[in-house]
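What follows is the residue order along each chain.
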Amino acid sequence: MSLPPLPESAIEIGAVAKDWRAAVALSGEALARSGSARPGYADEMIRMIEDHGPYVVIAPGLALAHARPGPQVITNGLSIVTLKEPVRFGHAHNDPVRVVLGLAISEAGAHLAAVAAVANIFNDSSAIDQLAAATTAAEIQRIMGVSPE
Amino acid sequence: MKIVTICGAGIGSSGVLKVNAERALRALDLEATVVAADVSTVRTVAADAQIILTSQEFVEAIGKTNADVIVIVNLFDTSELAQKLEDALG
Chain A
1 MSLPPLPESA IEIGAVAKDW RAAVALSGEA LARSGSARPG YADEMIRMIE
51 DHGPYVVIAP GLALAHARPG PQVITNGLSI VTLKEPVRFG HAHNDPVRVV
101 LGLAISEAGA HLAAVAAVAN IFNDSSAIDQ LAAATTAAEI QRIMGVSPE
Chain B
1 MKIVTICGAG IGSSGVLKVN AERALRALDL EATVVAADVS TVRTVAADAQ
51 IILTSQEFVE AIGKTNADVI VIVNLFDTSE LAQKLEDALG
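Residue numbers (the numbering used here), protein chains in the order written: chain A, 1 to 149; chain B, 1 to 90.
The hints are simulated quantities; they were obtained by calculation from the structure and are not laboratory data. Wrong hints could be hidden among the right ones.
Partial selection, computed: residues in chain B whose CB lies under 8 Å from chain A [what the hints assert, rightly or not]:
#1 V16
#2 V73
#3 N74
#4 L75
Even glycine gets a Cβ: it sits at the ideal position worked out from N, Cα and C.
All chains should be built: construct the whole structure from the sequences, respecting the hints.
Written out as C-alpha cells, the structure reads:
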C-alpha cells in the first residue's frame with residue numbers, strides 16, 4: 001500500500017491560523033506548493049466542511065482536509081500543517097485540531113490504497129502527538145514513514 | 001452481510017472507516033462486504049446494507065433506513081469500531 005507523496009514543500013510546521021478556514025487554506029496551499037493540487041482545491045476543501053460540518057476532524061486533534069477528485073487535483077498527494085495554536089472546527093469530541101492532514105486524490109477508484117496507508121500510520125494512537133510535537137520536516141516524514149528526498 | 005461507510009466526498013473519511021472496519025471485522029472473526037460511499041448516494045448504496053458506519057454530521061442526511069446507523073467518533077480507533085460493531089451484531 002503506497003502513501004501519496006509527502007515532499008518537504010508540502011509540510012509546514014508551527015503555522016499560525018486564526019480559525020479552521022485559515023488552517024484548511026494553509027493545507028491547500030501546501031498541496032499547491034508541492035504540485036499536487038491547483039490553488040482552487042483549498043476552496044473546495046473548505047466548501048466540504050461548510051456543506052457537511054466538521055466531520056473531517058476524524059480523530060482527536062486531527063483534521064483530514066480533502067475534497068473530491070476533480071480538475072483542481074493534479075496528482076495524488078498529502079500535505080501536513082501543524083498549528084502553533086490549536087483551532088476549533090466545531091467537532092463535538094475531537095476538537096481542538098493541532099494537525100491538518102491535506103489529501104488530494106486524482107481518481108476516486110484508486111483512493112483506498114492511499115487511505116489504507118494513511119490509516120496504517122494513524123492506527124498508532126501516538127502518531128498525532130508525535131506530528132504535533134515535530135520540529136523539522138524530516139521528522140514529520142519519518143513519522144509518516146516517508147523517506148526524505 | 002453488507003456494511004456501508006458514509007462521508008461527504010466518498011473518499012477520505014469513508015475510506016478510513018472502510019479500511020478500519022475491515023480490520024475490526026477480522027479481529028472479531030466476522031465476514032462482511034464494506035463499501036465506502038458519499039452521503040448523496042446512501043439511498044441506493046445502503047438499500048441492502050445491515051449497518052451504516054458514519055460520523056455524527058451525516059446521521060440526519062442518512063434519514064430513515066432499515067440499516068443500523070452507527071456513529072464513530074475516532075475513525076482510527078479500531079477498538080471503538082470493534083466494540084460498536086460487536087454491540088450491533090451481538
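A quick look at each hint next to the structure:
Of the supplied interface hints, the one on V16 of chain B holds, with its beta-carbon coming within about 5 Å of a beta-carbon of chain A, less than 8 Å. At a threshold of 8 Å, the smallest CB-CB gap from V73 of chain B to chain A is about 5 Å, leaving the interface hint in force. Hint on N74 of chain B holds. Least Cβ distance to chain A is approximately 5 Å, under the 8 Å limit. Given the 8 Å rule on beta carbons, the hint for L75 of chain B holds: about 4 Å separates it from the nearest Cβ of chain A.
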